[in-house]
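**Student:** Chain by chain, the residues:
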Amino acid sequence: MEDNKELLKKNLQEQDEFEKNQVIMTPGQLVAKRFFRNKLACVGVAIIIVMSLFCIIGPFISPYGEYEIFYKDMNTGVEHRMQEELDMSQMGINVKAPISEAHWLGTDTDGRDVFTRLMYGGRISLTVGFVVVIIELIIGIFLGGLAGYYGGAVDMVIMRLVEVFYSLPFIPIMLILSSLFVGYNISPQYKIYFIMIVMGILDWAGVARTVRGQILSLREMEYMQAAESTGIKTSRKIFKHLVPNTMPIIILIATMDIGSVILYESVLSYLGVGIAWPYASWGNMANTVTDSIILKNYPNIWAPPGLLILLTVLAFNFIGDGMRDAFDPRMKR
Amino acid sequence: MTAKEQKQRLKEIKKFNAKKYKEYNKNQRRKRAPESEYVTKMADNDNIIEFDDLKTYFYTDIGTVKAVDGVSFEIKRGKTIGVVGESGCGKSVTSLSVMGLLQGPTGQVAGGSIRFNQVGKNRAVDLTKLPVKEYEKIRGNEISMIFQEPMTTLNPVFTIGDQLMECIALHNPNMKKKDIEARALETLEMVGIKRDGMLDLYPHELSGGMRQRVVIAMALSCNPQLIIADEPTTALDVTIQAQILDLLRELKDKINASIMLITHDLGVVAEMADYVVVMYAGRIVEQGTADDIFHHPAHPYTIGLMKSKPMLGEHVDRLYSIPGNVPNPINLPEHCYFKNRCEMCVDKCEGAYPELISLSETHKVSCYLRENEVKGEN
Amino acid sequence: MRQYIIKRVVVSFIVLFLVSILLYSIARSVPGDYVANVTGGNPNITPEMQQRMRELYGLDKGIFEGYVSWLKDALHGDLGTSFKYQKPVVEVIKSYMAPTFALAFISMVLEILLAIPLGIIAARKQYSMTDYTIVAIAIMGISLPSFFFASVLRRWLSIGLGILPISGMVTARANYQGFDLFIDYAKHFTLPIIVFVINGIGGLLRYVRTNMLEVLSADYVRTARAKGLPERKVIGKHAFRNTLIPIVTMVGGMIPSLFSGAVITEGIFSLEGLGRVALDSVYNGDIPYLMGFNMFIAVLTLIGTLISDILYAVVDPRVRY
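Chains as they are written, first to last, in the working numbering: chain A, 18 to 350; chain B, -8 to 369; chain C, 52 to 372.
The following block holds chain A by itself, in its conformation from the complex (with noise of 0.2 Å):
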């Protein structure tokens, strides 16, 4: 019988040996797998990549700055940069110049390089999808988190003003508030931050919907009663057991709202109620095509901007589709 023991207990650690040697991956590698198998969300994070090293080391590459114009000497047609000393009287600005050397993608209506001010454009625009995001994810996490797990009276104020904010129209009210901001005369540098804030505190209802129903939903679960049942501390049961259960989906939102951010903040600029001249957002570069002759005989100038937009916006929707695949085990084969 001792023998047996023996043998059995051999036998049990050669199957952990062997079972060792298996392809076993954690959840984590999972979902990393199933992301990546998803051609469309490499794609994106190509994309995204590109993207963030364009705007963020482009500028420091280009020769031209943000605001610079170009002159342009009307006899010899010579282009000149602002920074040399030139005689004005000779000098026309070099507006809408054509693809060359110098300017990659041309000059814009007001001489610029359209190529640099692409570079401050998408710093810009992505630090307002980023930013927005951000806040919209503290409001809505918060407010969401407190409906979810307060429930009653709590939950119904706050899914009352949820509501609220659904029936708001984003570009309606837009409308009205940068009346406002011209009503105080705000400078289009503080803008940008108003801009952000408001956009924030209009986009946190659909945080807060999703963040309550994963709370509501997560409390029922069985591992939620046993924590509950060992009485572990309030904030200890919010932070340790719940906020890390939601975290999926939370990047989720983010990631799809940082590309809708930055078409909403696009059209905002496009309508003339965003972020206002000086400063270059890709979406008051593209404002340029509601000039007709540019629309006709410029596409240098306005497409660019336009497809930066839209190759952003499409890299974080490939992203977070991918995302949604990847953590939805439902979708696993």
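Since the hints were derived computationally from the structure, they do not count as laboratory data.
Cβ atoms here follow ideal geometry from the backbone N, Cα and C, with glycine treated the same way.
Hints are not guaranteed to be accurate.
As the list claims (entries may be wrong) - No more than 25 Å apart at the CA atoms, straight line, and that leaves these computed lysine-lysine pairs for BS3-like:
(1) 27/A x 298/B
(2) 169/B x 288/C
(3) 284/C x 169/B
(4) -2/B x 50/A
(5) 13/B x 56/A
(6) 168/B x 284/C
(7) 176/C x 22/B
(8) 50/A x -5/B
(9) 176/C x 50/A
(10) 5/B x -5/B
(11) 50/A x 6/B
(12) 128/B x 50/A
(13) 120/B x 284/C
(14) 128/B x 288/C
(15) 288/C x 167/B
(16) 298/B x 26/A
(17) 56/A x 167/B
(18) 26/A x 339/B
(19) 26/A x 300/B
(20) 124/B x 284/C
Said to hold, decoys possible - Distance ranges between label pairs, derived from CB positions:
(21) 369/C x 298/B: 44 to 50 Å
(22) 13/B x 268/C: 20 to 26 Å
(23) -5/B x 33/A: 21 to 27 Å
(24) 286/B x 255/A: 55 to 61 Å
(25) 358/C x 19/B: 40 to 46 Å
(26) 253/A x 287/B: 54 to 60 Å
(27) 182/C x 153/B: 28 to 34 Å
(28) 13/B x 324/A: 34 to 40 Å
(29) 61/C x 314/A: 54 to 60 Å
(30) 27/B x 239/A: 49 to 55 Å
(31) 182/C x 167/A: 39 to 45 Å
To be verified - One side only, chain C facing chain B, incomplete, derived with CB under 10 Å:
(32) 172
(33) 175
(34) 179
(35) 268
(36) 269
(37) 279
(38) 281
(39) 284
(40) 289
Add chains B and C to chain A, keeping to what the hints say.
**Tutor:** Here is chains B and C on its own, set in the frame of chain A:
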């Protein structure tokens, strides 16, 4: 295993799976096929269904899971067979293979055949080769299935009547609406829940036990030859379990259908089954009559299962449990799958997987320990 | 059922009340000399009108009293007088509503009719080439800045090929009658509707796809297959009815974004609708109109959500009234 090796292996798996998926998708497009491809002959016309070396594999990201790996047994007409084993041993997959409900292209029948005796039509078909259109005529009609979760198996947005009559109307296209309704009520009466307005209720208006009765009524509605019950009582509480088991036993005699009862509960098998099949890690380790299995278990695994069942009136300090865990189903070793957990293993167990050997007319086991006990010529 | 509807209506009124407070406080924060500042050079703006605006928003009263008097007027259908049009806002809305509704309604119907079948097809063939293509197109639609997309279309179809009119609602000075007029309208609305549909379809399509995937893995779909139902019926009846539940709830929420879209599309294509007027109002400082417009959309949205809620109760028998 180093990270590089792992990556390499994952790549190979991916390539292999892609090939399998492609083959599968090609085959699935066919809705019809000539009869010669799927009509076969039964080995014994007394059987309703014969599994012959059935192999059902799942091609997953981390390797091929051989959920069912060479399973052969048969079910006699009008008899009940119990398929037992731990979770993940392949018993549910066997039933899904019969119904053709595997989640393709990941899950596929990779080999072997399932011969089904179409008594009414006087022919036999191989279910693994059946084209979709023919399958639809058999599912719900000649073979029907009772699922585990009564809470989710019924569609929440349609009434009970709608779902019951849909099945009857589908397989009896000539029946009039009035007759269909009458038949629906008849089946509800058989399962003991006929009552006014029952047909107009929605699933959420019924309790779990009631819903399971509706599911059973649905399975019975077209007079099937074979009913597959996949853990029909697991999700119910004990008193309801007993009621449902009583109902099934009662119906078994009434309708003269064969029942394939899949469960991990030996008690249920003992009450219901004429024959028992014990599965472990996708293979049959032992099969025989209920008497063979319960009174003369031969395989160490079966013996372990019996020992781990609490007995009334018997005093034990600690209930027995089989040591170790079910092995990882990917890349199983060549030798007996149970070897590493077996308390009785011998040197020979290191060798190839043991063949199924007959201990008596009905009793078969796959274990080297029993080689000497084989009756007859050996 | 009646109780459920009454409950929803009451909730809608509460929300509307909160919306009105919010909108009022925005209007209230308009600086006192705003009208003079923005419209300094505009001879149409008389001191009398500035006074009217002050009265309308009760700028000369306390916040609470001001709100009450504004609300009283609003309840009587008086949302003030538009500066630009010199007419009551309600009338301005009435006279410019037709193109906006035509645009929004046609686009919404097209979106629904396209998104549902495409979403179902994509879900059924998950991870296939078809699925990838449909999803990629859907995401592309969401990510396209509408003004950019519209510009490309105009550059290509109107300026380049000259097939479709570049902007406006009717060909000027053509004086079409009857059917010709209808065709003329149709031509002018084609591009705006394309922009609208492509931009809006993605969200709905993805939603349908995700829900369909969820439903397809549900046990009752397996049951339906086990009954022997042909795949067409499994999807068309059992799965579809279940995906309809979340879709119905989504449609009501589409209204605000439809109007946001209307502002942009009408602006680009110079369609004389509510959105275009709103855009003009920004440049003219026509606060009363903008307020009225937002209030109008809020009311429409709440009506939409209310209809959604009721439809939800109709398609899902599990809803407890």
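**Student:** For each hint, tell me whether it holds in the structure or not.
**Tutor:** Results of checking the hints against the structure:
As the CA atoms of residue 27/A and residue 298/B are separated by approximately 23 Å, the hinted pair is consistent with the 25 Å bound. For a cut-off of 25 Å, the pair hint linking residue 169/B to residue 288/C stands: about 22 Å separates their Cα positions. As the CA atoms of residue 284/C and residue 169/B are separated by approximately 22 Å, the hinted pair is consistent with the 25 Å bound. For the proposed pair residue -2/B and residue 50/A, the alpha carbon gap of about 11 Å is at most 25 Å, so the pair holds.
With a CA separation close to 19 Å, the supplied pair residue 13/B and residue 56/A stays within the 25 Å bound. Proposed proximity of residue 168/B and residue 284/C is supported: the alpha carbons are some 19 Å apart, at most 25 Å. Of the pairs offered as hints, the one joining residue 176/C and residue 22/B holds, with about 17 Å between alpha carbons and a cut-off of 25 Å not exceeded. At most 25 Å may separate the alpha-carbon atoms for a hinted pair to count; residue 50/A and residue -5/B meet this at roughly 15 Å.
A distance of roughly 21 Å separates the Cα atoms of residue 176/C and residue 50/A; the hinted pair therefore holds under the 25 Å criterion. The suggested pairing of residue 5/B with residue -5/B holds, with an alpha-carbon distance near 15 Å, which does not exceed 25 Å. This hinted pair checks out: residue 50/A and residue 6/B have alpha carbons roughly 15 Å apart, not beyond 25 Å. A C-alpha spacing of about 40 Å is found between residue 128/B and residue 50/A, which places the hinted pair above 25 Å, so the restraint is violated.
Note on residue 120/B and residue 284/C: the hinted pairing holds, with a Cα-Cα distance of about 23 Å set against a maximum of 25 Å. For the hint pairing residue 128/B with residue 288/C, the CA-to-CA distance comes to about 18 Å; that is within 25 Å, so the pair holds. Pair hint residue 288/C plus residue 167/B holds up; C-alpha atoms about 21 Å apart against a cutoff of 25 Å. With a C-alpha separation of about 20 Å, the suggested pairing of residue 298/B with residue 26/A holds against the 25 Å cut-off.
For the proposed pair residue 56/A and residue 167/B, the alpha carbon gap of about 53 Å is over 25 Å, so the pair is violated. With a C-alpha separation of about 18 Å, the suggested pairing of residue 26/A with residue 339/B holds against the 25 Å cut-off. The straight-line distance between the Cα atoms of residue 26/A and residue 300/B is roughly 23 Å, inside the 25 Å bound, and the hint therefore holds. Between residue 124/B and residue 284/C the alpha-carbon distance is near 13 Å, which keeps this suggested pair within the 25 Å criterion.
Against the hinted window of 44 to 50 Å, the Cβ-Cβ separation of residue 369/C and residue 298/B comes to about 46 Å, which satisfies the hint. For residue 13/B and residue 268/C, the Cβ-Cβ distance of about 23 Å falls inside the hinted range of 20 to 26 Å, so the restraint holds. Taking 21 to 27 Å as the suggested C-beta distance range, the pair residue -5/B and residue 33/A conforms, at roughly 23 Å. At roughly 57 Å, the beta carbons of residue 286/B and residue 255/A sit within the given window of 55 to 61 Å.
Remark: the range hint 40 to 46 Å for residue 358/C to residue 19/B is upheld by a beta-carbon distance near 41 Å. For residue 253/A and residue 287/B, the Cβ-Cβ distance of about 56 Å falls inside the hinted range of 54 to 60 Å, so the restraint holds. Checked against the hint of 28 to 34 Å, the C-beta distance between residue 182/C and residue 153/B comes to roughly 31 Å, which is consistent with it. A hinted range of 34 to 40 Å for the beta carbons of residue 13/B and residue 324/A is consistent with their spacing of about 36 Å.
Checked against the hint of 54 to 60 Å, the pair residue 61/C and residue 314/A passes, with Cβ atoms roughly 58 Å apart. Between residue 27/B and residue 239/A the beta carbon distance is about 54 Å. The supplied range of 49 to 55 Å therefore holds. Restraint check, residue 182/C to residue 167/A: a C-beta distance of roughly 41 Å satisfies the suggested window 39 to 45 Å. Annotation: residue 172/C was flagged as interfacial toward chain B, and the flag is violated, the nearest CB pair being 16 Å apart, outside 10 Å.
The interface hint given for residue 175/C is broken, as the beta carbon of that residue sits about 12 Å from the closest beta carbon of chain B, more than 10 Å. Satisfaction of the interface hint for residue 179/C is found here, the shortest Cβ-Cβ separation to chain B being roughly 8 Å, below the 10 Å cut-off. Residue-level restraint check for residue 268/C holds (minimum Cβ-Cβ distance to chain B is 8 Å; threshold 10 Å). Proximity of residue 269/C to chain B holds as hinted, the smallest CB-CB distance being about 7 Å (cut-off 10 Å).
Because the closest C-beta pair between residue 279/C and chain B is about 4 Å apart, less than 10 Å, the hint holds. Below 10 Å, beta-carbon pairs count as interface contacts, and residue 281/C has one with chain B at about 6 Å; its hint therefore holds. Annotation: interface hint on residue 284/C holds; nearest CB of chain B at approximately 8 Å, less than 10 Å. Of the supplied interface hints, the one on residue 289/C holds, with its beta-carbon coming within about 5 Å of a beta-carbon of chain B, less than 10 Å.
Comparing the model with each earlier hint shows violations of hints 12, 17, 32 and 33; every other hint is respected.
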